[in-house]
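S.K.: So the protein sequences, as listed, match chains A and B. For what it's worth, numbering that gives the first Met the number 0 labels the leading residue of the first sequence as 0, then goes sequentially. For what it's worth, numbering that gives the first Met the number 0 labels the leading residue of the second sequence as 0, then goes sequentially.
Keep in mind that the hints are not guaranteed to be accurate.
[Claimed, not checked] Pair ranges (Cβ atoms, derived):
id, chain 1, residue 1, chain 2, residue 2, range
1, B, ALA61, A, ALA177, 42 to 50 Å
2, A, PRO215, B, GLU71, 45 to 53 Å
3, A, ALA161, B, THR5, 28 to 36 Å
4, A, ALA213, B, THR6, 42 to 50 Å
5, A, ALA35, B, THR156, 25 to 33 Å
6, A, ALA56, B, ALA34, 15 to 23 Å
7, A, ALA161, B, ALA30, 28 to 36 Å
8, A, GLU82, B, ALA139, 36 to 44 Å
Hints were generated in silico from the structure; no laboratory data involved. Quick reminder that beta carbons are idealized off the backbone N, C-alpha and C, glycines included.
Protein chains: 2
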Amino acid sequence: MKPAETTPRRIGILGGMGPAAAIDLQAKVLAATPAAADRDHLPVVVWNVPQVPDRVAAVLGAGPSPLPAMVEGARALEAAGCEAFAVACNTAHHWADELAASVRIPLLHIADAAIGVMARRPVPPMRVGILATRGTLAAAFYGERLARRGFRWMAPTEEEQARLVDTAIARVKAGDAAGARAPFEAAAKALADRGADLILLACTELPIAAEGAACPVPVLDASRALAEALVDFSLRR
Amino acid sequence: MKPAETTPRRIGILGGMGPAAAIDLQAKVLAATPAAADRDHLPVVVWNVPQVPDRVAAVLGAGPSPLPAMVEGARALEAAGCEAFAVACNTAHHWADELAASVRIPLLHIADAAIGVMARRPVPPMRVGILATRGTLAAAFYGERLARRGFRWMAPTEEEQARLVDTAIARVKAGDAAGARAPFEAAAKALADRGADLILLACTELPIAAEGAACPVPVLDASRALAEALVDFSLRR
Chain A
0 MKPAETTPRR IGILGGMGPA AAIDLQAKVL AATPAAADRD HLPVVVWNVP
50 QVPDRVAAVL GAGPSPLPAM VEGARALEAA GCEAFAVACN TAHHWADELA
100 ASVRIPLLHI ADAAIGVMAR RPVPPMRVGI LATRGTLAAA FYGERLARRG
150 FRWMAPTEEE QARLVDTAIA RVKAGDAAGA RAPFEAAAKA LADRGADLIL
200 LACTELPIAA EGAACPVPVL DASRALAEAL VDFSLRR
Chain B
0 MKPAETTPRR IGILGGMGPA AAIDLQAKVL AATPAAADRD HLPVVVWNVP
50 QVPDRVAAVL GAGPSPLPAM VEGARALEAA GCEAFAVACN TAHHWADELA
100 ASVRIPLLHI ADAAIGVMAR RPVPPMRVGI LATRGTLAAA FYGERLARRG
150 FRWMAPTEEE QARLVDTAIA RVKAGDAAGA RAPFEAAAKA LADRGADLIL
200 LACTELPIAA EGAACPVPVL DASRALAEAL VDFSLRR
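Given these sequences and hints, build the entire structure.
M.R.: Structure follows, in structure tokens:
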């Protein structure tokens, strides 16, 4: 028997928003885990039920709340013995406080995970450029949490959001990763030109647009940071 | 409200054996689902807990049974409201009958899914060549189920298994997909030379070795067949 402190803790992933993002987060958890054999990987339970009202529409006041469906998933993960859980969708974190209050296990917040990685960089960023859906930007939790930790931040202009970021995200969703690269590069360059010294990818589609793209400043993938936070929690690091 | 018959049924995936295979099966389910939006995808719950005794060792009588850990996962999927479940590991199907008896929801068996796809081919195969781990071959359920449905089958010789199939699987597990291609091609050619007119990939690593490989006869991926069976069940097709 291994001593109790080396047994990895079971973690939950609340997905469905959309389902591909939950699969991507699982793959990032697998890649972030130091493992020599199957059994070294984390015990993970995934609720990947996509019958959830649209998050962006709800944040913008144009549709029903996804919170009840999210609470159902979080409670199922808790019932399955998970000791913490994460949500595989940036925009859904608009409801993080209510969601966390609905269960007794902790929610590992994607913005806290990303900010934690930033703060541990040898040279922490002076000004963070956020690329996200307009739902995530309207939800404002990234900006609030960055400011609380002392980071300055900026987002694209409305014109850049419509012409570049929304286009890059839509092209990835449509399966055109190559076509998403140029609008992503232009959006990242616009933020860097205005002083951003780190680009935060706060949307699960954007890492795909960023693959192989040229960017004048470092890029941080919030999903990868969340995967690392799940590994740290499970392995008690 | 959609009428009840169009609501997809929730399905469970029992994974962990290893965890990458469960992620791969989820990706194949996603790809096999006709969907125009997130919400058209299947509601899926995944138990991806890899703290399970080694399946190949247990089949060969050299280690403890993985059945109790598998039953725990199946019961958790049932408790989470899944209406059927599948196991993302070929060798683990050695315990399929006991596992199915431990819950009230049906187990969609990977061999039945693969044989169903074969039987629906315009020209069904006359003789199926099975490529699998030696654990799956020793478990014998593919051969028994193929024979029951009237299919003749063959497996590699012991020498081919050790030199080619075991090597291809080990190289994929070690991340060397390119190096797995040549032994896979040689194993498939050996079976085709002895009369196999279809190669069944009955191991979750082998589709990766088969990518871009030359094969003289058609290849059938049992994992893809299982993904299609999950989609058919969920959408009541």
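S.K.: Now look at each hint and say whether the structure bears it out.
M.R.: Outcome of the hint check:
Range check, ALA61 of chain B to ALA177 of chain A: about 49 Å between beta-carbon atoms, so the 42 to 50 Å window is met. Between PRO215 of chain A and GLU71 of chain B the CB atoms are about 51 Å apart, so this pair conforms to the stated range of 45 to 53 Å. The beta-carbon spacing between ALA161 of chain A and THR5 of chain B, approximately 35 Å, falls within the hinted interval of 28 to 36 Å. The hinted window of 42 to 50 Å between ALA213 of chain A and THR6 of chain B holds, with their beta carbons roughly 46 Å apart.
Distance hint check for ALA35 of chain A and THR156 of chain B: the Cβ-Cβ separation is about 31 Å, which falls inside the suggested range of 25 to 33 Å. Between ALA56 of chain A and ALA34 of chain B, the C-beta spacing of about 18 Å keeps the proposed range 15 to 23 Å intact. Separated by about 31 Å at the C-beta atoms, ALA161 of chain A and ALA30 of chain B satisfy the suggested range of 28 to 36 Å. Between GLU82 of chain A and ALA139 of chain B the beta carbon distance is about 39 Å. The supplied range of 36 to 44 Å therefore holds.
Checked against the numbered hints given earlier, this structure breaks none of them.
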